[in-house]
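**Student:** Residue numbers 1 to 245, in the working numbering, belong to the letters of the sequence shown in order.
Rather than coming from a laboratory, the hints here were simulated on the basis of the structure. Misleading hints may appear alongside valid ones.
Said to hold, decoys possible - Derived SDA-like pairs: lysine to any residue, alpha-carbon spacing no greater than 25 Å straight-line:
1. LYS67 to LYS130
2. LYS67 to GLY57
3. LYS53 to ASN38
4. LYS78 to LYS67
5. LYS130 to ILE173
6. LYS55 to ALA32
7. LYS224 to ILE63
8. LYS128 to PRO105
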Amino acid sequence: MLSAPQNSDFDFELRYFTPTEEVSLAIHPTIAALVSLNQEGYLDSHTTTCILKTKSGNRHVDINKYKTSFLVEAVPPKFYPVLDNRSAVANVFGLDENDLLTNLPIQPVDTGLGHLIVPVTSLNALMKAKRNISALEELCFNAGVREAQLFTFDVYNNKCDVHTRNICPREGIEDPGCGVGNAALGAYLFKHREDNKSELFIQAEQGIINSMPCVIHTHVFHEKDGIRVRVGGTGKTMMTGTLKI
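Generate the whole structure from the sequences, applying the supplied hints.
**Tutor:** Here's what the structure looks like:
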């Protein structure tokens, strides 16, 4: 849901609704809204940034000069205690403990919704992960998150850095591209990086498992008050019409 600003603190206001509830932030609907706003002429041709008001607070957006790509500021990341029972976590996803990377932790990270980040050894292991809704719901509840973001450094497209899957404890199709989940993953990879670089750029591929492939771009950097994450990509109009209320 999009509305025009009532004051000068922001450019547009966005609210996000699932079939069952309102959520504070969702990246893909944000990208879709920005694509539509640009096509309808609401983004100034010289604009390279804008501010969106959301339930999660005002979010900064970087806009490329062609108005074709958008990076949305995520909620500043919060890192929660690492989960040590790797075998139990693997079992929730129908995996063996040796399907998980040993040099990275299983850790809950919150960049707006809350995701359990699970590092996996290979594409083969990632693609065989299952969604056991009741067990996953319990795991997420105990970890203080909503869903899980599994990933591997093994990729189909060598221009990408990781392949990831968003696995939620709910019925329905698996999310083929989760922006907030990728923001959490980006923050996690930045925190556990082996060098001291001040920023990290990540291209993640997702959605291949359900024939809806996408590439998600994440920029993570450090400011004096903490880690900042911006995530997004491109979009295109699939249909147009008129909604009468």
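**Student:** Each of the hints needs a verdict: does it hold here or not?
**Tutor:** Each hint, compared with the structure:
no.: 1; hint: LYS67 to LYS130; in the structure: 38 Å, violated
no.: 2; hint: LYS67 to GLY57; in the structure: 23 Å, holds
no.: 3; hint: LYS53 to ASN38; in the structure: 17 Å, holds
no.: 4; hint: LYS78 to LYS67; in the structure: 31 Å, violated
no.: 5; hint: LYS130 to ILE173; in the structure: 13 Å, holds
no.: 6; hint: LYS55 to ALA32; in the structure: 18 Å, holds
no.: 7; hint: LYS224 to ILE63; in the structure: 24 Å, holds
no.: 8; hint: LYS128 to PRO105; in the structure: 20 Å, holds
Taken one by one, the earlier hints fail for this structure at numbers 1 and 4, listed in ascending order.
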